[in-house]
Amino acid sequence: MSWTKVLIVDDEVEFAAALSERLLLRDYDTKAVYNVDDAIAAIKQDPPEVLLLDLKMPGMSGIELYRTIKEFNPSIEVIFVTGQACQNGDETIPREAFACVMKPIDIDELTKQIDKAKQSIIKK
Amino acid sequence: MNRNGDPALTPFMQSILRPFTNIVNAIRKDRYKSLKLRLFFYIGTLAGLPLLAIAMISYFWVFNILKDEFRDHLRWQMEDSQRSIESFLQEKLAGLRFLTNAYSLDELSDDTILHTIFAKFRKEFGEIVDLGLINAEGIQLSYAGPYHLKGRDYSNQDWFQEVSIRGVYISDVFTGYRKMPHFAIAVRKEMPGKHAFWVLRATVDVETLNRFLSSIQMKEYDDAFIINKDGILQTSSRFHGKMLERAALKFPVPAQDLSFMDYKRDGVRLEVGYAHIKQSSWVLGMVVQSTASSKMIELFTKDVGTLYLIIVLVIMGSVANSIITSSVVNRVQEAEQRREAAIAETEHTSKLASIGRLAAGIAHEINNPLAVINEKAGLMKDILQLIGDFPNKEKFLSIVFSITDSVDRCRTITQRLLGFARRMDVSLEIIDINETIKEVIGFLEKEILYRNVRLDMNLSENLPKIESDRGLFQQVFLNIANNAIDALKDGGTLAIATGKKDEDTLQVIIRDNGHGIPKEVLKHIFEPFFTTKEKGKGTGLGLSISYGIMQKLGGTILVESEVDKGSAFTVEVPVKASIDLRGL
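Residue numbers (this note's numbering), protein chains in the order written: chain Z, 1 to 124; chain B, 1001 to 1584.
Hints were generated in silico from the structure; no laboratory data involved.
Check before you lean on any hint, since a few could be wrong.
[To be verified] Pairs of lysine to aspartate or glutamate, EDC-like flavour, derived with a Cα cap of 20 Å:
#, chain 1, residue 1, chain 2, residue 2
1, B, 1376, Z, 96
2, B, 1381, Z, 49
3, B, 1376, Z, 46
4, Z, 112, B, 1408
5, B, 1381, Z, 37
6, B, 1381, Z, 11
7, B, 1067, B, 1298
8, B, 1381, Z, 108
9, B, 1381, Z, 38
10, Z, 31, B, 1394
11, B, 1576, B, 1408
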């Protein structure tokens, strides 16, 4: 099985960088970007298979970004990563999103979700 | 949720309110007591005033009727006596006049003939003491009677002057020559053709008058007497002086034949009637103390039935009044208590909600740096595990592990906080309550097995399916069941029962025979962050969240507990969802 291409989008640089490194150590082809513009550029340049998306970011909310990305590349599976509750009355996670993981992350749980996402891509 | 229709406070609310309610009740009791008294007084006055007015009006009405009737009675009696006395006098006068016409002066001057006539007259008319003939010079020519009065000279006496002018005369009472109270009746006879006259005179004992008076029916304090125009008593009276004395009573000369007046003596109301006796200067007087007012009192005191009736009516009125009053005040009291309980409960709910929002905010803010710590420490751990041995590697590893463990602990707290605060998206579905519980028991099976807890399931068959949120309901049930297992000693019993509370409500009772919850703790168990568990084992949010969820689902949680005997949590869920859509 080839390495899964993962893109982390989070304005919390330290978090994203560290997570990216840890996933690399676990054999995921991981890249981290820290704002919305970079995220869109990165996806257009080299679309990932799985996207780890922060729910709240300056400039554009995670959900808006999610919709934008899905428009030009619906094949990307998105896992939301949030410091808030996943079930939130105001900003409901879209149903089509693959999963939602709460910060602080349990690395094993996260890798499990990424693997699942990868599998669902292969099935398609 | 529908709480207005539910008068009973949840035990939880009661336990929270107990310290206040004791104080408030004490103040309130007094307030309601005085309210009761005031209301009683107002209603009494309102009902009593018109009654009193009617009573007063009818009293005066009856009083006037009585007064008229009383006067009529008095008038009748007086007229009766007046007529008797008048006809008595008239009779004597007629008798004397007859004698003057039937006999000549010579015949009457003869003592023996006069004696015979006196005897006959007395036999026919009675009640005269003597009979005498007096000539125009005032000398008594002949006399028949018990005294020796022949030859007496009356020319200077008033009565003789009077009779010589008026022709007929009835004297006042006097003692005269014989020292015996009496009065005289005299008739003048003109000598035909001459300017001379003679007078026939009879005297009557006062006792006769007294007899007439005593025939008047009188009560103890009443009085009847005859008085002349100068105010001198002609007969003896009971209370107003002796015979021939001035009456101890102001007596106006009667303007009419018969008059009445009110009179006050020593503060006693008297009714005075007087009647003029024709052809004399006398006035028949009657003083009556038993007036209409005393008759009025008599009416009530004699007729005991009336008095009892009045007393019974007043008592019945008061009883009815107090029943009405207390039922009204009790209703007011109930309504106020219910309202206060509702307010207290609302306050409690909103307190939970604001604490929840605060907690969520904090949790979110903490989660981000926590995530950084977590990843950095995690990365350190990864690196340490990858590279070869170096001095103190084990120590570093253990430090990193304790960091990540601590982060895990923090995560438990923050995630629960978020769960506590989140606006729950209730997704309704039709669920079987027994199935839902069995699923939860599935999660707990390991724990139950490990702790050697006896599980006593008593699930009612044929319960209606309910409309609720499976996930939320399971969360509540899991929280309570977890607490129950924690409370149990190894080998204790966890009993779970489902059943119908009524047509619209199902209940799940989770009972343990563990250590129980002390009263002072029971008050706080639904408050957020309240926990009795060991540090790090409980967040103090489980029951608080559960309580919020059940409110949201239109149900409630009730708790009963006894120390060392165990606790019972009752979860009530409505069959048909009535979801409170306000955010928690």
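Outcome of the hint check:
no., hint, verdict
1, B:1376 x Z:96, "31 Å, violated"
2, B:1381 x Z:49, "27 Å, violated"
3, B:1376 x Z:46, "27 Å, violated"
4, Z:112 x B:1408, "18 Å, holds"
5, B:1381 x Z:37, "32 Å, violated"
6, B:1381 x Z:11, "24 Å, violated"
7, B:1067 x B:1298, "14 Å, holds"
8, B:1381 x Z:108, "13 Å, holds"
9, B:1381 x Z:38, "30 Å, violated"
10, Z:31 x B:1394, "31 Å, violated"
11, B:1576 x B:1408, "39 Å, violated"
In this structure, the earlier hints numbered 1, 2, 3, 5, 6, 9, 10 and 11 are contradicted, and the remaining ones agree with it.
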